[in-house]
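Engineer: The primary structure of each chain is shown beneath.
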Amino acid sequence: MSNFWTVVAFTFRNKVRKKSFVITTLIIAVLLSVIVNLPYIISQFSSNTPDRIGYAGAATTIAGSDVLPGDIGSGLEAYFKKQEKPGYEFVRVAGADSADEGANARALNEALENGDIDAYVVFASAGETEFFPKMELRAKKQYGDSAVAELQAALQSVKLERALQSLGLTDEQQQMLFAPAQVSSVQIDLNDGQAQQEDEKQSKGAMYGVVYAILFLLFMTIMTTGQLIATEITAEKSSRVMEVLVTSVSPLTQMFGKIIGMLLVGLLQIAVYVVVVAINISMPNSDNALKDLGINMADVPLSLYIYALLFYLIGYFLYATLYAGVGSLVSRTEELGQAVMPLMFISLGGFYIGIFGLNAPDSSFVTVTSFIPFFTPYIMFLRIGMVEPPFWQIVVSLVALLATTLAAGWLSAKIYRTGVLMYGKRPSLKELRKAMKAFKL
Amino acid sequence: MIPLAIDRIYKNYGDKTAVNGLSFEVEQGEIYGLLGANGAGKTTTMRMVLGLIYPDEGSIRYNGQPYGKEQLHNLGYLPEERGLYPKVKVSEQLIYLAQLKGMTKKAAEQSLRRWLEQFEVPEYYDKKVEELSKGNQQKIQFVAAVIHDPQIVILDEAFSGLDPVNVELLKAAVKGLRDSGKTILFSTHRMEHVEELCRNITIMHRSNPVVQGDIKTIKSRYPRERVMLAASRDITGLEQLEGVRYVTKHENVTEIGIASEQAAQHILTHALGQAEIERFELMRPTLNEIFIKSVGDRHE
Chain A
1 MSNFWTVVAF TFRNKVRKKS FVITTLIIAV LLSVIVNLPY IISQFSSNTP DRIGYAGAAT
61 TIAGSDVLPG DIGSGLEAYF KKQEKPGYEF VRVAGADSAD EGANARALNE ALENGDIDAY
121 VVFASAGETE FFPKMELRAK KQYGDSAVAE LQAALQSVKL ERALQSLGLT DEQQQMLFAP
181 AQVSSVQIDL NDGQAQQEDE KQSKGAMYGV VYAILFLLFM TIMTTGQLIA TEITAEKSSR
241 VMEVLVTSVS PLTQMFGKII GMLLVGLLQI AVYVVVVAIN ISMPNSDNAL KDLGINMADV
301 PLSLYIYALL FYLIGYFLYA TLYAGVGSLV SRTEELGQAV MPLMFISLGG FYIGIFGLNA
361 PDSSFVTVTS FIPFFTPYIM FLRIGMVEPP FWQIVVSLVA LLATTLAAGW LSAKIYRTGV
421 LMYGKRPSLK ELRKAMKAFK L
Chain B
1001 MIPLAIDRIY KNYGDKTAVN GLSFEVEQGE IYGLLGANGA GKTTTMRMVL GLIYPDEGSI
1061 RYNGQPYGKE QLHNLGYLPE ERGLYPKVKV SEQLIYLAQL KGMTKKAAEQ SLRRWLEQFE
1121 VPEYYDKKVE ELSKGNQQKI QFVAAVIHDP QIVILDEAFS GLDPVNVELL KAAVKGLRDS
1181 GKTILFSTHR MEHVEELCRN ITIMHRSNPV VQGDIKTIKS RYPRERVMLA ASRDITGLEQ
1241 LEGVRYVTKH ENVTEIGIAS EQAAQHILTH ALGQAEIERF ELMRPTLNEI FIKSVGDRHE
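First to last, the sequence lines map onto chains A and B. 6 is the number that our numbering gives to position 6 of the first sequence; each next residue is one higher, with no gaps. 1032 is the number that our numbering gives to position 32 of the second sequence; each next residue is one higher, with no gaps.
The hints are simulated quantities; they were obtained by calculation from the structure and are not laboratory data. For clarity, every value in this text was computed on a predicted model and none was experimentally measured. Among the clues, some could well be false.
Taking lysine-lysine and the DSS-like style, the derived pairs with C-alpha atoms no more than 25 Å apart in a straight line are [what the hints assert, rightly or not]: (1) B:K1087 - A:K18; (2) A:K434 - B:K1089; (3) A:K159 - A:K81; (4) B:K1134 - B:K1171; (5) A:K85 - A:K140; (6) B:K1105 - B:K1069; (7) B:K1105 - A:K15; (8) B:K1293 - B:K1249; (9) A:K15 - B:K1216; (10) B:K1127 - A:K18; (11) A:K19 - B:K1087; (12) B:K1127 - B:K1089; (13) B:K1105 - B:K1089; (14) B:K1105 - B:K1087; (15) B:K1106 - A:K15; (16) A:K19 - B:K1089; (17) B:K1128 - B:K1089; (18) B:K1128 - A:K15; (19) B:K1219 - B:K1293; (20) B:K1175 - B:K1216; (21) A:K18 - B:K1105; (22) B:K1016 - A:K430; (23) A:K414 - A:K430; (24) A:K19 - B:K1128; (25) A:K15 - B:K1089; (26) A:K414 - B:K1016; (27) A:K414 - B:K1069; (28) B:K1089 - A:K18; (29) B:K1087 - B:K1127; (30) A:K434 - A:K414; (31) B:K1175 - B:K1134; (32) A:K85 - A:K159; (33) A:K15 - B:K1127; (34) B:K1127 - B:K1106; (35) B:K1106 - B:K1089; (36) B:K1219 - B:K1175; (37) A:K19 - B:K1127; (38) B:K1216 - B:K1249; (39) A:K18 - B:K1293; (40) A:K159 - A:K134.
Chain B extracted, bound-state conformation:
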C-alpha cells in the first residue's frame, strides 16, 4: 500500500488557481522533493496533504485511506515559518505537542531526550525557546515535527537560514528518518539538497506541475550540452569549431556550450592537438539549470 498518494488535485481560491491537477506518489523510505518558486503552490499542496484544507477535486490517500482524524497522529509537519511558543520551555511545549499527537507524557519525554541527544543539545531541555539561537530553534522545530514518530513527515524549507554545520546535522537526521522507513515530503529552493536527498521530484510553476519524475530520468531528458575543459595551457580557436555555441573562461576551467554531443568529440581532438588535457567532462545539466529552464522559460 502506498503511504501517500496524491491524485489529480485541484484547488482554487476564489477565481485564483493555487494547484492545478497535481499527482504524485511517495513510497515508504523515500524523500519526495517538491520544488517551485515562491507562490507556485507548494504550501497549498502541503496544507492539503496535512488535511488543513481540502482539494476542490481529486483525492489524497494515506495507505489507501482518505483523510480522517486518525491521520493527525500519522503526520508530522515542519512549517516554513518557525512556530514555537517563545516564552515556554522546550520540554513543556514539545511534550504538549507530542501529547496532542496522542503520545503519553512519559513516552514524549523519552523521545524528546533522545532527539536532543542526537542533536547534541541535551541541555536545551529546560531552556525557553527565545533563549536559543535560530539554528537551535530550528532543531527544536524539527524535533516537534518528528517527536511522535509519524509515518509521514512533511518538511517545508527545513534547511533555510541555517549554517552549513547545522544543515549537515539536520540533513543527517532527515536521511535517518528515510532509512527508518518514513515517507517524507520535502520542499526547498536549494537544488543541491534535492539532488542529494530526493529520488523523485515535482517542479511546480504557477500552480502547474511542469517537470515530474525521478531525478535521473529528468536529467537524461535534457541533452548534455556543456563541456568542462582544463588543460596545461590555453587552448585557442575553440570558438571556430563546428557546434560550439559559446566559450566562457573561468579561473581554472573553460566552459564550452555545445549544440550536440558530437561537437564534444571535435573539441577533445582539437584540444589534444594543443596541450595536455587535465580534465574533460561532458556535463549533464544540473537540477538548478533544469529548474531555471522549466520555470524561467514560462515566465513570460
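Bound conformation, chain A alone:
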C-alpha cells in the first residue's frame, strides 16, 4: 500500500511541476476568464445609442405609388420611438425636404458624411402592382441580416397601418389586430400523476450553459489525462525505466498508482478552473451580463454537480484504464498516437452526440446512446441536466458503466502486465494472447 502512494505521489509531483502543465493550466484559466466575461466585454464595446437613420421629408411622390416617402419615414420614426429599447432612431434630415431630388440626395449624403446620421433610407417603386414603395438602406458600413430583418418588420408594420387606415377601423380594433399571440414552453415534473410546474425560462438557460460547460470539461479532462497516462507509460517503456520499475513494484500497483496520481492532477486542474470561473462569475459586472442572457447560476440544482463529479470519476476510470492498457503495448512514443486513435474516436463520438443531444435531449437516439457505457458519462449526464430521466434509467446506466469499468480495469491490468515487457513492434491480438499464456496470466 505504501508503494501505491509512493507511485501516486511521484506521478502527481512530476506532472504538476512540469512547465508545460503549469503553462497550459494558466492559459486555459485566462481563456476561461475571458469567456466568462465575454458578454460584459461585448456590452462594453457596443455603444448603447441606437443608430441614427436619416430620411428625406420631401413631399415628392414615387411613380406607381400614392404613399409619400416622407410619411413612411415619420411612420418608422414613430414605430421605433414606441419601443422600450429601440435599435434605431429615425430622423428627418434638415435640408432634405425640398422638391429638388438632387438637393435632397446631396443633403442626405452630407449628413452621413459629417456623422449626423449613421445611415439613410431612400424609397423607390416596388413594381406596378405594389402600392407601397421599397426601401433602400444606405450606409458606409454593411448592415447584417438581423438589422435588415428588424427594419423590414418595422416597414411591414408601417405598411399594414397604412393599409388598415383605408379600411376605417377604430383604434381599438387596430390594437386588437396588432396584439401578438403568445406561446411559452413550460417544463413540468410528474409526481403520482400530478404535474408540478417548475420555474421556467431562467433555469433553462443556466442548465443549458452549465450542462454544456461540464460536458466540455468532462470530455477535455478525460481525453487529456487519458492521453497523458498512455504517454507516460509508453515513455517509461521506451526509456526502459519500466524494466527497473517492474522489478520494484507489482505492475498492478504501478498502473493504478499512475491512474490515481493522474486523477489528482486532473482534479487539481478542474479545481483551478472552477475557482477561476467562480471568481469571475461572482464579479458584479459579469453577474449582470449573465443575467441578461438568462443564466442564473443559483438556479442549477446541487445534484447536477454531484452527478457531474460521479460521472467524471467513473468515466475517468473507464478511459484511463483503457489508455493505460494501450500505452503499455506501445514501445515508442511516436507510435502511440495511432494506437490510441480508436479510444479517441469513441470519446469524441460521445462528446459530439452530447452536443447534438443538447438541442434534442429527449430524442430516442440520445436515450439509447445514454445506455452505452462508453457514452454514458457524457449522454446520461446530459439527460439528467436537460430532461430528468426516470431514476431507474440512471441506475441501469450507472450499473452498466461500473461493470464495464471494472471489466476494462481487469483487462487493462492483464494487458499491462504482459505489455510492459514486450518490446519491438506493436503486438497483434494473437501475439498478445500468446504472450499472456506464456507469462502465465
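Starting from the structure of chain A, add chain B where the hints point.
Structural biologist: Here is chain B on its own, set in the frame of chain A:
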C-alpha cells in the same frame, strides 16, 4: 542456505524454446557469470530470476524459498538497456526507486549520497539524468540497482559502452559488493571481465547450457594446445617438428599450435639448439577461445 538456486528451468514462448533445462547455484559472496551470444536466453533467465515471468518447469529458490512479493526488496537489477527518467533529477528518481524497494526516504537519501561519493560524482545529486554523459548515467543506473542494499544483485551487461576508467570504477564497485557478501548474477560478452570476476560460469547457446562449472575446471578440461615462444633470434624448422599443427609469427612472439602436450618439449629442445629463449609458455585456452569453441562448434 543457498541464496539463489535455479533448478532445471524451462521456458517456452509459444513453440520457441527460450531456456532449456538450466540449473545453477550462486553462493553468498560470489559473482556468477552467465555467458552467451545474443538471443541465447540470458535475459529470459534473468527475468525469471527477477520474477517478471515464471518458468514453465523447474524452480527458482531464494534462500530456499520460492518467489514471492517479499523478494522484490531482496533483488537489485541493472537492465541491459539503460532505464532512467531522462527529465527527472537523479536524487528524485533514485529515492523514488529506493522507496518502492521499501526504504524510507531518509535512508535512501543517505545511501544515495554514499554511492555518489564512492563514484566521485556527488555533484550529480541535483542534476537531471539527460545532462549526464553515458558513462555517468551508467553509474547512476548501477546505484539504482544497489541503493536499497539487496541481497541478490543481477547485472545485465553492466560494463557495455564504458571507457576503461569507468569500467575499472564499476568493476571495483562490483568486487566491493561481492566482498560484502552479496550474491551476484552477472552477464556479459567480455570474457576478460568474467575471468577476473567470476568463480563459476554457464555458457548458454541457443537456450541450452553448453558449458558449466568453475572456470579453473572448465579450462583444465581443455587441453593445452598452444605454445608461445620468444627467442633472441628467429627459430627455423618449427613446422617440421612432430605434433606441430601451425606456426603463426606475431610481432614479438611466435604462436605454435600443438596436437599434444609432449610436442611442447620437442619445440623447447629444438629452440634451445638455435637461440636463447626469452619466453616459453604452454598456454591454456582463454575463456574467449572456449566460448567461441563451445558456441561456434554448434553453429551449424
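Engineer: Could you run down the list of hints and mark each one as holding or not?
Structural biologist: Okay, the hints, checked on the actual structure:
Note on B:K1087 and A:K18: the hinted pairing holds, with a Cα-Cα distance of about 10 Å set against a maximum of 25 Å. A threshold of 25 Å between alpha carbons decides the hint, and for A:K434 with B:K1089 the separation of about 38 Å lies outside it, so the pair is violated. At roughly 17 Å between alpha-carbon atoms, A:K159 and A:K81 fall within 25 Å of each other, so this suggested pair holds. About 17 Å separates the Cα atoms of B:K1134 and B:K1171, which keeps this hinted pair within 25 Å; it holds.
Restraint check for A:K85 and A:K140: satisfied, since their Cα atoms lie roughly 24 Å apart, inside the 25 Å limit. With a C-alpha separation of about 21 Å, the suggested pairing of B:K1105 with B:K1069 holds against the 25 Å cut-off. With a CA separation close to 20 Å, the supplied pair B:K1105 and A:K15 stays within the 25 Å bound. Of the pairs offered as hints, the one joining B:K1293 and B:K1249 holds, with about 23 Å between alpha carbons and a cut-off of 25 Å not exceeded.
This hinted pair does not check out: A:K15 and B:K1216 have alpha carbons roughly 54 Å apart, beyond 25 Å. Straight-line distance between C-alpha atoms of B:K1127 and A:K18 comes to about 16 Å, which keeps the hinted pair within the 25 Å bound. Taking the CA atoms of A:K19 and B:K1087, the gap is near 12 Å; set against the 25 Å cutoff, the hint holds. Straight-line distance between C-alpha atoms of B:K1127 and B:K1089 comes to about 5 Å, which keeps the hinted pair within the 25 Å bound.
Restraint check for B:K1105 and B:K1089: the C-alpha separation of about 15 Å stays at or below 25 Å, so the hint holds. Pair hint B:K1105 plus B:K1087 holds up; C-alpha atoms about 21 Å apart against a cutoff of 25 Å. Taking the CA atoms of B:K1106 and A:K15, the gap is near 23 Å; set against the 25 Å cutoff, the hint holds. With a C-alpha separation of about 15 Å, the suggested pair A:K19 and B:K1089 falls inside the 25 Å cut-off, and the hint holds.
Between B:K1128 and B:K1089 the CA atoms are separated by roughly 4 Å; this keeps the pair inside 25 Å, and the hint holds. Taken as a hint, the B:K1128 and A:K15 pair is honoured in the structure, with Cα atoms around 16 Å apart against an allowance of 25 Å. Of the supplied pair hints, the one linking B:K1219 and B:K1293 holds, its CA atoms being roughly 12 Å apart against a limit of 25 Å. Under the criterion of a C-alpha separation no larger than 25 Å, the hint pairing B:K1175 with B:K1216 is consistent with the structure, at around 19 Å.
The hinted pair formed by A:K18 and B:K1105 meets the criterion: a straight-line CA distance of about 22 Å does not exceed 25 Å. For a cut-off of 25 Å, the pair hint linking B:K1016 to A:K430 stands: about 16 Å separates their Cα positions. Restraint check for A:K414 and A:K430: satisfied, since their Cα atoms lie roughly 14 Å apart, inside the 25 Å limit. At roughly 15 Å between alpha-carbon atoms, A:K19 and B:K1128 fall within 25 Å of each other, so this suggested pair holds.
Proposed proximity of A:K15 and B:K1089 is supported: the alpha carbons are some 14 Å apart, at most 25 Å. Distance check on the hinted pair: A:K414 and B:K1016 sit about 22 Å apart at the alpha-carbon level, within 25 Å; holds. Only pairs whose Cα atoms come within 25 Å are accepted, and A:K414 paired with B:K1069 is accepted, the gap being roughly 18 Å. Pair hint B:K1089 plus A:K18 holds up; C-alpha atoms about 12 Å apart against a cutoff of 25 Å.
As the CA atoms of B:K1087 and B:K1127 are separated by approximately 9 Å, the hinted pair is consistent with the 25 Å bound. Restraint check for A:K434 and A:K414: the C-alpha separation of about 13 Å stays at or below 25 Å, so the hint holds. With a CA separation close to 22 Å, the supplied pair B:K1175 and B:K1134 stays within the 25 Å bound. At most 25 Å may separate the alpha-carbon atoms for a hinted pair to count; A:K85 and A:K159 meet this at roughly 22 Å.
With a CA separation close to 18 Å, the supplied pair A:K15 and B:K1127 stays within the 25 Å bound. The straight-line distance between the Cα atoms of B:K1127 and B:K1106 is roughly 19 Å, inside the 25 Å bound, and the hint therefore holds. Taken as a hint, the B:K1106 and B:K1089 pair is honoured in the structure, with Cα atoms around 17 Å apart against an allowance of 25 Å. The straight-line distance between the Cα atoms of B:K1219 and B:K1175 is roughly 23 Å, inside the 25 Å bound, and the hint therefore holds.
Taking the CA atoms of A:K19 and B:K1127, the gap is about 17 Å. The hint holds against a cut of 25 Å. Note on B:K1216 and B:K1249: the hinted pairing is violated, with a Cα-Cα distance of about 28 Å set against a maximum of 25 Å. Annotation: proposed proximity of A:K18 to B:K1293 is violated, straight-line Cα distance about 54 Å (limit 25 Å). Taken as a hint, the A:K159 and A:K134 pair is honoured in the structure, with Cα atoms around 11 Å apart against an allowance of 25 Å.
Violated hints, listed in ascending order, are 2, 9, 38 and 39; each of the other numbered hints is respected by the structure.
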